[in-house]
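Colleague: Given the sequences, and given the hints that come with them, work out the whole structure.
Those letters in the sequence shown? Residues -18 to -1, 1 to 441, by mature numbering (1 follows the signal peptide of the UniProt record, and there is no 0).
Just so you know, the hints here were simulated from the structure itself, not pulled from any lab data.
Cβ coordinates follow ideal geometry from the N, Cα and C atoms, glycine included.
Certain hints may be false.
Said to hold, decoys possible - Simulated restraints, written as ranges between beta carbons of each label pair: (1) M150 / K422: 56 to 64 angstroms; (2) S21 / R232: 45 to 53 angstroms; (3) S65 / R94: 31 to 39 angstroms; (4) S21 / A119: 21 to 29 angstroms; (5) N220 / A139: 30 to 38 angstroms; (6) R124 / Q374: 47 to 55 angstroms; (7) S162 / A398: 35 to 43 angstroms; (8) S115 / S34: 36 to 44 angstroms; (9) R232 / P91: 35 to 43 angstroms; (10) S162 / E190: 14 to 22 angstroms; (11) S115 / P47: 35 to 43 angstroms; (12) L143 / A28: 39 to 47 angstroms.
As the list claims (entries may be wrong) - Simulated crosslink set (SDA-like; lysine to any residue; CA at most 25 angstroms straight-line): (13) K17 / C38; (14) K230 / S189; (15) K422 / A360; (16) K230 / S214; (17) K230 / F160.
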Amino acid sequence: MRLLQLLLLLAVAAGAAGAAGSGTDTDADALLAAKAALSDPTGALASWDAASSDHCTWAGVTCAPRGSGGVVVGLDVSGLNLSGALPPALSRLRGLQRLSVAANGFYGPIPRSLARLQLLVHLNLSNNAFNSSFPPALARLRALRVLDLYNNNLTSATLPLEVTHMTMLRHLHLGGNFFSGEIPPEYGRWPRLQYLAVNGLTGSIPSELGYLKSLSSLDLSNNALTGEIPASFSELKNLTLLNLFRNKLRGDIPDFVGDLPASRCCSCGEQLHRRCATQPRPQRPPPAARPLVEQAHRHAAAGALRRGQPADAHRARQLLVRCRPRLTRPVQVLEPCPSRGELLEWLNSKGLFELPKLTQVELQDNLLTGNFPAVIGAAAPNLGEISLSNNQLTGALPASLGNFSGVQKLLLDQNAFSGAIPPEIGRLQQLSKADLSSNKFEEVCHRRLGNAGFSLTWT
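Modeller: Laid out in structure tokens, this is it:
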């Protein structure tokens, strides 16, 4: 593939050199035509000047090595406050491999003419206001590895099937648009895909997604997906990020989650009993809503919930437990994983609280029942936050709660826990916040907690 790209680039370079000698269209001409079609209120493209002898020095422009005839291989004008329709003149940059116009004010349909950029491997149109449907012609971009359309106004009754012809894709972000319908089973075809994000969809999760063997990040949050998590996900051995919050999924978190030792974040929130899609969706997704992947790396959620510690320690690197009485509910960044029945005990039996890279457990605001499970093996050493607030958990807290040496935040408030608060909590030297309020605990003997560096809120 690299050899083919090199040969094509050399052919394009030869054509560009010939064009320069004959006075016909050059890459510089294409860039100037594109600039003329844009609104540039801050003068970000001031260096794009016909008087300049070398367009390879213009802002955002990258050219192939010397001797190529000045072939433009990269164009990055992200965040320059540009606006207007995306200029068709860009499709004249036949040697272009990377194009990013992210975080501007581009609008209108995505130009079909982009399909002429056969060498394109990276296309980032995110955080703009592109509308209409995905152009079927772009299916011809067979070399594409990154396609980021996040946070636009694209619409369709289904996700675009044309992208499944881009077999080289590593990164596909379609979230923050107005696609609807179900996830097509054809979305399990990419052998090299590492990142996939979609939202606004309905139906069940297709088992074919389990065929994405190279997948490391899967973001299916903010949908209305129903049914259960497919058992085929057990084949996603490279998965490090799984976001399923704000769906309508049912059933238990499957066994395989405990068998994903590399998993850093698993968030399954608001899936059973809360309906998050009750508010009207704005016509344009807010630019402040950054990709969920960025949030997810800061919040390890439901998949980690095995021992029953609060998941509010996602930002903590060291844990000091400070329990302040009558603390309000913690701010939610990632929603919890709602499941019914003895979910915590079930998760514990699967070893989820022993995942070596687990950093957060967030299952707050659900209808979880049962006890906080005792941990028999080695507790997850990197777990910094456990959040089980506002559920229906009962019983006594286990002494093994003191084994989570890295926990910084422990949020168990608004449940029905009872009995004595285990003195082993005093061993949590990294703990900075612990909220055990609104439960049924017996009176606390602070001497039994030792010299812990935290204040305890338990009433």
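Colleague: Check the following: the C-beta atoms of R232 and P91 are separated by a distance inside 35 to 43 angstroms.
Modeller: holds (39 angstroms)
Colleague: Just to be sure I understand the hint, the distance between the Cβ atoms of S115 and S34 should be within 36 to 44 angstroms; is that true here?
Modeller: Since the Cβ atoms of S115 and S34 sit about 38 angstroms apart, the hinted range of 36 to 44 angstroms holds.
Colleague: Verify the CB-CB distance for S115 and P47 against the hinted window 35 to 43 angstroms.
Modeller: Because 38 angstroms falls inside the window, the suggested range holds.
Colleague: Is the distance from the Cβ of L143 to the Cβ of A28 consistent with 39 to 47 angstroms?
Modeller: With Cβ atoms ~42 angstroms apart, the hint holds.
Colleague: Below or equal to 25 angstroms on CA atoms is what counts here, so check K230 against S214.
Modeller: Within the cut-off at roughly 19 angstroms; holds.
Colleague: Could you check the hint for me, namely that M150 and K422 are 56 to 64 angstroms apart, CB to CB?
Modeller: Holds, at about 57 angstroms.
Colleague: Starting from the hint 47 to 55 angstroms, judge whether the C-beta atoms of R124 and Q374 obey it.
Modeller: holds (52 angstroms)
Colleague: Are the Cα atoms of K230 and F160 separated by 25 angstroms or less?
Modeller: Within the cut-off at roughly 19 angstroms; holds.
Colleague: Can you let me know if the beta-carbon spacing of S21 and A119 is within 21 to 29 angstroms?
Modeller: holds (26 angstroms)
Colleague: Kindly confirm whether 45 to 53 angstroms is satisfied by the beta carbon distance between S21 and R232.
Modeller: holds (49 angstroms)
Colleague: Given the hint that K422 pairs with A360, test it: the Cα-Cα distance must not exceed 25 angstroms.
Modeller: Violated. K422 to A360 sits at ~29 angstroms, over the 25 angstroms cutoff.
Colleague: Between K17 and C38, is the straight-line Cα distance small enough, at 25 angstroms or below?
Modeller: holds (15 angstroms)
When each numbered hint is compared with the structure, violations occur for hints 3, 15.
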